[in-house]
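Make a model of the complete structure from these sequences and hints.
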Amino acid sequence: MFSEPEHGSVRLSRRSLLRRAVGATGVLAATLNPALAQPKISKVAVNYQDHPDGDKRCDKCVQFQPPDACKVVDGPISPQGSCRIFVPGRPRS
Amino acid sequence: MIRSPLAGDRRLLPIGLLLTAALAALLALGVPSRRAFSIPLYARQTGQPCATCHTAFLELNPFGRRFKLGGYTLNGGDWTGPPFAVMREAPTYTHTEAGQPGGSAPHFGPNNNFAFQQVSLFTGGRFTDNLGAFIQGTYDGVARRFAWDNADIRFAKPFNLDGHTLLWGITTNNNPTVQDVWNTIPAWSFPYISSALAPMPTARTFIDQVYAQQVAGLSGYGFLDDLFYFEFGGYRPLSNNTQKALGISPRGQSPINGVAPYWRVAVEPNLGDHSWEVGTFGLASKVFPIGLSGVGTDSFTDIGIDTQYQYLGDPHTITARVAWIHENHNTSASQTLGLADNSNNQLRFLNASLSYIYDKTWSFTGGRMSIGGTPDATLYGTFTGSPNSANWITEIAYLPFMRGGPSFWPWLNARIGLQYIRWDKFDGATTNFNGAGRNARANNTIFGYLWIAF
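Just so you know, the protein sequences line up as chains A and B, in that order. Residues are numbered in my numbering as their position in the first sequence, beginning at 1, plus a constant of 30. Residues are numbered in my numbering as their position in the second sequence, beginning at 1, plus a constant of 94.
Don't take each hint at face value.
Each computed DMTMM-like pair below joins lysine to aspartate or glutamate, with the alpha-carbon atoms no more than 20 Å apart [stated by the list, open to error]: (1) A:Lys73 - B:Asp319; (2) A:Lys86 - B:Asp453; (3) A:Lys86 - B:Asp367; (4) A:Lys101 - B:Asp172; (5) A:Lys73 - B:Glu191.
Honestly, the hints are just simulated from the structure, not real lab data. Model, not experiment: these values are computed from the prediction.
This is how it looks when you write it as C-alpha cells:
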C-alpha cells in the first residue's frame, strides 16, 4: 500500500508555517536597530566618477543631498561628480 | 510567476484591446514624457526610473541587483501612498506553424489565439530600514484562477569588518532561485515572458520552476566587498491544505522529503561600464514520486554553472547570459512503482542568450535552449522516450517608458514585444515526435505581447 506523505510530519502546515514566520520575524525584529544604516548602493555599481559627465552632475540630480551625500549611493559624493543613474532634477536640501 | 506565464480569457479581450488601443493612441500622440519609474512599487519608493535598476525590464543591472540584495529597502522617493503595483500580460497573440489538435488549452482554439494571459498584484517594498519584500499574487487567465505567485521576504544589513564590507541577509521565499539577482538562473532567465498557449517540452530539471510556490525556503547570504556572493539554505514542501488555500493544486506533485539544500556562489567584478558574473548554484533532495510513499524515495541533484556579462554604456547596452545545469536523478522508487524504466537518469540543460539594447528603449535578443539526457519512455511519457528538445529564440521588444512614463502617471512601464521560437527537436525527435506525424517545426511559435506595469 502506498500513501501520501502529506499526513506525516514532513510538510509544513499553515499553522506551523505561520508560527515559524512569526518566530523568524521576531528574531529579525529583535536584531533591528534603526540607528544603523540601511543598505545603500556602492559607487562601483553605478560607475561613480569624481567629475561631471557632460551636463550630468551630482548636484543636479534629484538624489543628491547637499553638501556631499546621495540618498541611494554610499559614501561621500562630490557635487561635481557623476554616475550611471543620474536623474535630472532640483536637489532637495 | 512572471515568466512561463499562464494565459487568457476571451471575455476580457475587449477590455484588453481597448487598453491597448488607448496606449497605442497615447504613444502616437506623443504624450510628454517625464521621469520613468521601474517596477512601479519600487520606483515610487526609490524615486528612480526603470532604467536605474533594469537594462530592459525585467533584467537587472548592478544597481538593481544590489537593491534586491539590500532587502528592497532603499529609499529616495517621496511616495506616501500604499505599496502596491499591478502588472498585466495582455493582450497576447500566439501562432504556431501548425495548429494544436483539440485546442491549445481549454477554452482556446487550435491556433491564432488572443489571450488575457495574466494579471498580477504586487506588494512589499521597504518595511523597515533592513526588512523588505517582493510579494506577488496572480490571476491566471488560462486556468482562470487566482494564486499566490513569487514571494521573497528578506532582512539585510551591511557592516564593516576589518576594512571589508559585508552585506549579509536572510531570505524566506517560495521558489528556488527566485531570490537570485542574476538573469541566468531559472526563475529570472530569458525569455522573460512566454506564451502560455504554445507547446512546451516535457522534460525539465527540478530546479527549473518545478517547486515554484509549492515550498517554503529559508537561506542566509552574504555579499562581501561588493564582489563575492554566497548563499546557503533549504526548502521544505508546503502541506496540501496550505497550497490549496494559496490557490495551488497539489495534484501530481513529487514533494520534497525533509529539507532540500540550496546553494549559490558567485563573483561579480565591476569595472567602469563592464559587469561580469560567474557562479554556481544547485538544489538537491529526496522526493516522493507523485506523492507516493511506501517504497522509499527518488532523489535528485541539480548543479548549475552560469556566467553573465553586461556592457552598460549609453546608449548601447549588451548582455550575454549562459547557464548550464546537470541533473542526476535517482529514480529507483519510481522504477519500483512502474513510473520509470531506469533506476537512474540524467538531464543536461543549456540556456544561452545575447541581448542588445539601444537607448534603454529597443531590445533585440537571440538565444538557444537545449535539454537532453537519458531516454526513459515511462518517466517522460513521450512517444520517443527521449527528453531531448532544442530551440532557437529571437525577440524584439519596445520599452517606451524606461526613462519616463506619461505625465499623468509617470510610473507606467511597458514592454511591447514580438518573439519567434524555432524548434530543432521536440520531445526527442525532429519528425513525428508524437507518433501522430507531428514534426518539431510544427511547434514553431510567433508570440506577440503587451506587458505593462503601473
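Against the structure, the hints:
no. : hint                : result
1   : A:Lys73 - B:Asp319  : holds (12 Å)
2   : A:Lys86 - B:Asp453  : holds (16 Å)
3   : A:Lys86 - B:Asp367  : holds (16 Å)
4   : A:Lys101 - B:Asp172 : holds (12 Å)
5   : A:Lys73 - B:Glu191  : violated (49 Å)
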